[in-house]
Amino acid sequence: MTRLRSRVAAALHRHPRVQATALLLPAGVWLAVFFAIPLAIMATYAFRPRHILGGVYPGWTTVHVARLVEPLYLAVLGRSVVLSLLATALALLVSYPIALVIVRSTRWRSFLLFLVVLPFWTSFLVRTYATIFLIRDTGLINQVLQAIGVTHQPLRMLYTPGAVLFGLVTGFVPFMVLPIYASLEKLDPALLEAAEVLGAPEWRRFVRVIWPLTLPGVVVGSLLVFVPSLGSFLTSDLLGGAKVELIGNLVQNQFTSARNWPFGSALSFLLLMVVMLGMLAQLRYTAAHAKGKTA
Amino acid sequence: MTRRLTAILALIGYAALLLPLLLLVAWSFNASRSGARWDGFTLDWYHRLLHRGDLLVALRTSLVVGVTATVVSTGLGTLAALALGRERSRAMGAIESMLVLPIVTPEVVAGISLLVLFSAAGVHLGLATVIIAHATFCLPFTILVVLARLRGMDRTLEDAALTLGADEITAFRRVTVPLLLPGIVAAALLAFTLSFDDFIVTFFTAGPGTSTLPLVIYGMVRRTVEPTVNALSALLVIGTTLLLVVTQRWTGRHAGEA
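Which chain is which? The protein sequence lines are B and E, in order. In my numbering, each residue carries its 1-based index in the first sequence increased by 1. In my numbering, each residue carries its 1-based index in the second sequence increased by 447.
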């Protein structure tokens, strides 16, 4: 037993490459079988004739892919992209100040961070549902507005595109705050002191020093908001009241009520392609940024 | 002026994040059925939860799925991280950057592709398919978390053990694993939370008989405004808060030890 053990140990020592491959193999096979292959099968499904009970027939067709360019579906895609970009911009507008406030505070720092981490760990479904209590006709916002006499009738907010946008922003803000906070925390205070000593006013220190140095965190955070927003269907389902159809809802419908798996597969791929375009933009930015740093 | 603007925007952000959760918890004690206004304090909705056998079944399903998916993904993830952390080669770098792909793939696409796989392979949807799906989306995260810990720890300690006469296996068991443990625990916690909270991927990979807690909540939320769902959701929020406080205390203490 001990001889076998020492022989295994010696063999591992002599062949680090074999060891690395053996360690990687289980996870690699798992992701190949349950991530890569399913996507490949889905790609072929987009070209299969539709089975009306769900699933596909053997044979090949391009009708589903051709449908993607119909104005109706392009409009849904366009609306989803615009809404996701807006959600990303608004999330940035509140996330950066939150991260700044956390970094600047000393006594309350861990508590303020906790208040962002808590929603981060809380069920997204529960948080989306809870948003209804804030924005419905009898919700807190309307009650406050009526109590202070700004409005007399409740403002219709729930089941509008604005509600979906609000849901996406609050839903994904923690994903934006945490990367920005991480890059703000790493910022060298000496740089800010130098800028201050050299007479740069506060806004200038922000624009010329803080913002450029934390841009990588902003880019990561933006991606973490944009991607799930684009693929979301829960938010529009609960807060849009099925009136605000996004590409995520369209995809979901093809696999539930519409039972059109080939078209759903084609739509999924379109969605995946838009996401990959966003990723590519981020990679190019990061590459350019790294180059600029060394230059 | 800029400071004030920053503070106002941050306050709006915090309010949007936290007010819904506070309202949800408060309204779970509201005696009014429609919830349009405050009708006094009640524990009725919590009491009714006790009579919902389906919720207990769903909770058990969620726990079984969460624990199994966590064990599988953390196990496979730790092994892979050990390989990725050991060698700094071009191939390893390429593999590491490819791990981002499953993370950025929209959940709806991941869920559907698995549904298509299971249907093409003739596998019936049920507990096993949900566990497989959850382990799959947790795996890249567990690899990255363990890898981060591996990169952050002092590798010379392993070399010291080897120099002092320990063989590779002993050095791994007595030095690497104890040092790596906080990373493995963090990865497992993340995996369990991701699994326990997941709705979208589960929606596509669960059969009619296997409902996790989020699926049941979704069904309740869509059908009617039933205050028991408020109590159930509030329990989840409170549970998350307590768990987070405990883990932060725990990690805080361990950071203090180091």
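None of these hints come from the bench; they were simulated from the model. Remember, it's a predicted structure, so these values are computed and weren't measured experimentally. One or more of the hints may lead you astray.
What the hints assert, rightly or not - Partial pick of chain E residues on the chain B-facing surface, computed with a CB cut under 7 Å: (1) L468; (2) L470; (3) A530; (4) A568; (5) G569; (6) G599; (7) M600; (8) T603; (9) L604; (10) F646; (11) P661; (12) V663; (13) L682; (14) L689; (15) V693.
Stated by the list, open to error - Listed next, the stretches of chain B that the computed footprint assigns to chain E, with coverage defined by at least 3 CB atoms under 8 Å from CB atoms of chain E: (16) 116-127; (17) 195-207; (18) 252-264.
Glycine included, C-beta positions come from ideal geometry on N, C-alpha and C.
Cross-check of the supplied hints:
no.: 1; hint: L468; verdict: 6 Å, holds
no.: 2; hint: L470; verdict: 4 Å, holds
no.: 3; hint: A530; verdict: 4 Å, holds
no.: 4; hint: A568; verdict: 9 Å, violated
no.: 5; hint: G569; verdict: 11 Å, violated
no.: 6; hint: G599; verdict: 14 Å, violated
no.: 7; hint: M600; verdict: 17 Å, violated
no.: 8; hint: T603; verdict: 17 Å, violated
no.: 9; hint: L604; verdict: 17 Å, violated
no.: 10; hint: F646; verdict: 5 Å, holds
no.: 11; hint: P661; verdict: 5 Å, holds
no.: 12; hint: V663; verdict: 11 Å, violated
no.: 13; hint: L682; verdict: 10 Å, violated
no.: 14; hint: L689; verdict: 11 Å, violated
no.: 15; hint: V693; verdict: 12 Å, violated
no.: 16; hint: 116-127; verdict: holds (count 11)
no.: 17; hint: 195-207; verdict: holds (count 3)
no.: 18; hint: 252-264; verdict: holds (count 4)
Going down the numbered hints, you'll see the structure goes against 4, 5, 6, 7, 8, 9, 12, 13, 14, 15, while the others check out.
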